[in-house]
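Visitor: Given next are the chains, with one letter for each unit.
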Amino acid sequence: MNLIITFFIKLRKLFFSNVLNSIISLIIILILFSIFFNIFGWLIFNANWKVVTSNLPLYAFGSFPANQQWRPATWIISLLTLSMLTLLGPEWKWLRKNLLLAWISTVPFGLYLLYGGLGLLPITSRHWGGLTLTILLTLCSSLLSLPFGIVLALCRQSSFPLVKKLSAIYIDSMRAIPLISVLFFGQLLIPLFLPVGIEIDRVWRAVFAFTLFVSAYIAEDIRGGLQSIPSTQIEAANSLGLNKYQIIKFILIPQALRIALPALTNQSIGLFQNTSLMAILGLVELLGIGRSILANPEFIGQYIEVYIWLACLYWFVCTIMAVLARHLEKRMLINQAIV
Amino acid sequence: MKRNRKIFFQLGIFIIFITLIAILINNLTINLLRTGIGFNFNWLLKPASFSLAEHPLPYSASDSYAWALFIGWMNSLKVIVSSLVLSSLVGTLIGFARTSKNSLLGLISAGYITIIRQTPLLLQLMFWYFVGFLGLKDNISIHIKNLFKLSNQGIELPGLTLSSEFSALLFGLSIFTSAYIAEVIRGGILSVSRGQWEAFRSLGLSERKGLFFIIIPQALPAIIPGLTSQYLNLAKNSTLAIAVGYSDIYAINDTIINQTGRAIECFLILLISFLLLNLVITNFMELINRIIIKPIKHN
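Read top to bottom, the protein sequences are chains P and S.
Per the numbering used here, the first sequence starts with residue 1, numbered consecutively.
Per the numbering used here, the second sequence starts with residue 1001, numbered consecutively.
Check before you lean on any hint, since a few could be wrong.
No farther apart than 25 Å at their CA atoms in a straight line, the calculated lysine-lysine pairs in the DSS-like style are these [said to hold, decoys possible]:
id, chain 1, residue 1, chain 2, residue 2
1, S, Lys1006, P, Lys244
2, P, Lys164, S, Lys1006
3, P, Lys165, S, Lys1006
Examples of chain P residues lying across from chain S (beta carbon under 8 Å, computed) [to be verified]:
id, residue
4, Ser25
5, Ile28
6, Ser276
These stretches of chain S come out as covered by chain P in the derived footprint (C-beta under 8 Å, 3 or more residues) [said to hold, decoys possible]:
id, segment
7, 1023 to 1037
8, 1214 to 1226
Keep in mind that the hints were calculated from the coordinates and are not lab data.
Glycine is no exception: its CB is placed at the ideal position from the N, C-alpha and C atoms.
So here's chain P without its partners, still in its complex pose:
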């Protein structure tokens, strides 16, 4: 009983502290109720969720052969398990130490599962699709663009004017043009720049274009981190007798990465969302699958159901990524405090 009274007092304090506030709150509550009733009524009674429920394997794996779908499924489940382990796992030292390695090895593991070979049935990248392809594009591109971005950032801070100028031109022009043009011209131009006879397929062209684009943004984030390291640290490292390479490896990079971490996780969440652009450029990742399902005469015109479902999926994965990132930031703070 007491609890209820305090709840109401709190409610009054929060929403109805004065006349204007009460009016605003009341109007908002009214609007919200009408919207919610309409939307929920529609979602439950009018929407036809068959377009989602009968196509679940398509959304998850694209046109991967049905008897081989356990392979991408294993990969996604292992990724989820790894996320849970990172978030809630025990504090064993060996586990925590090898977690980074585990995360990096998910990429070759996933590629092996998807490509096949070595005992598994080989499957070409034409059959990859759905959420699997979206996650693969995100993971591969972020893994490749991080080292590339670090090198670019170091080049831009370098004391050689020529190196500095070249990387600045690259970073600035990459950041000036829209992503879709980089992806589109990546599909068109990468084959033109390769020697005759060497060809790479659409998925890898996309990964390459994403890497070129994202690394310019990552470079700027890391440059921000590098600039915020006080120069006294470099002087101290110099007086300890560390050489240039050691200073970069042990002093600059770890601190710059720690400072740039929030920006970097934002970049990877942005990258995950931006993989949807490949839907216009002919890959059937999550949004592309949605489009091809909508083109099926059986489900024509059911835009709202499909788009709401896709939005929920994107939102869900983004939230997982954000939670993981926050966890990582917290852990880094703790580590820093101990040191």
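For this one, chain P is given, so just place chain S on it according to the hints.
Guide: Structure of chain S alone, referenced to chain P:
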């Protein structure tokens, strides 16, 4: 000695760089010769022979590619400028709502911001186009006293007709960008110390007066840089127009490449267009910075 080594090192890097570029260009010329396209800009003056649904200036299919590109530029500018204005208005409102004392209002704007930011823009654009505009049947269009008409043909205001493609793009871009602008505004307002709020209250200024004369002027220096980068993002995101069939600069480049196969020339044109556009936006914001911020600081 050290200076010599430095120059030597740079020379080495320069040679490696030049070699790489040379290899790439060599591959490119071989490939271009093989496909028989070549590299020149003579095609710009040939007739484009495709029609455009939307053109602010007179255009017909017999006009040149160069003119078509210019029309694309105009279309891009049209959608960028109008969504820039709309998203700034909506974003500012939501940013203020996010920091308001009414926690219900704050909660709702926080929900709006997360939902918009956690879903891809392309998905949102498709939603607005296919559900928001094409989903409306012609006969259930919304009329308000002949002043405002909304149907699957777009929006009609007295003296102004907006196509459904343009309106969907305008809505999608503005709503997406407004969520980011709201966060910028919130950051700016929060960057003003609490003491300033307490000070103007204790001086007897009303909330509204305090907000406009004390808080906002101090928040602006923190807001403008964030706003600039959001406007640049908006300009870049406007190229997603191709997903809803609006013929902006990127969509027209895409059509031209499909017709003529001149990918490299079109890439250069697009690169230069966007470098120019970025220059315009940055200079414009710099101007605003000079006009608004400098006088405030001098007072």
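Visitor: Now look at each hint and say whether the structure bears it out.
Guide: Against the structure, the hints:
no., hint, result
1, S/Lys1006 - P/Lys244, "holds, 14 Å"
2, P/Lys164 - S/Lys1006, "holds, 13 Å"
3, P/Lys165 - S/Lys1006, "holds, 15 Å"
4, Ser25, "holds, 5 Å"
5, Ile28, "holds, 5 Å"
6, Ser276, "holds, 4 Å"
7, 1023 to 1037, "holds (count 7)"
8, 1214 to 1226, "violated (count 0)"
Comparing the model with each earlier hint shows a violation of hint 8 alone; every other hint is respected.
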